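According to my numbering, the sequence shown is numbered sequentially starting from 2.
Hints listed in this document are in silico derivations from the structure and should not be mistaken for laboratory results. What you are looking at is a predicted structure, and each value in this text was computed from that prediction instead of being measured. There could be a bad hint or two in this list.
[As the list claims (entries may be wrong)] Restraint ranges, calculated between C-beta atoms of paired labels, are given here:
(1) Asn7 to Ile141: 36 to 44 angstroms
(2) Glu94 to Glu142: 32 to 40 angstroms
(3) Val126 to Leu81: 17 to 25 angstroms
(4) Asp86 to Arg120: 42 to 50 angstroms
(5) Arg120 to Gly23: 20 to 28 angstroms
(6) Arg131 to Gly60: 39 to 47 angstroms
Glycine included, C-beta positions come from ideal geometry on N, C-alpha and C.
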Amino acid sequence: MADIPNPDSVGPVDVAVVLFEGNRFNGEVAPALAELQQSGTVRIIDLAFLTRDADGNAGFIEVEDAEVADAFAGISESQLDLLNDEDLMSMAEGLDPNSSAMVVVWENTWASRLAAAVRGSGGEVISYLRIPRETVVAAIEALEEE
């Protein structure tokens with residue numbers, strides 16, 4: 002049976018859509034995802050691939066059906082299907098022609114204890130923002146120039 006997260010202790014869940022222009026996806030990200038999961042940093046809970054061919058035809062493939070399935074074997078054991086077929090098709094239709102994307106949904110297991118403590122103390126996260134990488138890099142470079 003798939004590894005199902007405990008609803009009382011599940012950490013924050015994020016979704017990322019990673020674009021590969023020219024349909025150049027080859028599975029090289031699989032070892033990085035596997036390492037994050039094996040270290041307990043995240044739990045991959047859904048994984049799919051989106052495609053849009055040169056003629057604009059859109060589609061999606063679940064990881065177990067993909068050509069790169071072997072590279073991702075064992076990574077996504079707890080398929081909760083948080084993204085349904087309609088969600089995936091909508092994302093695929095939003096791609097530029099001749100491109101593909103990987104959609105990965107993960108639980109931030111590193112934050113599950115903190116999330117439980119916040120809930121237990123009656124707290125509620127009212128804002129969650131991600132600072133773009135370019136902004137962080139610019140801040141680091143500004144420090145280096147001082």
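>> I'd like to know which numbered hints this structure contradicts. Please list them from smallest to largest.
In response: 4, 5, 6
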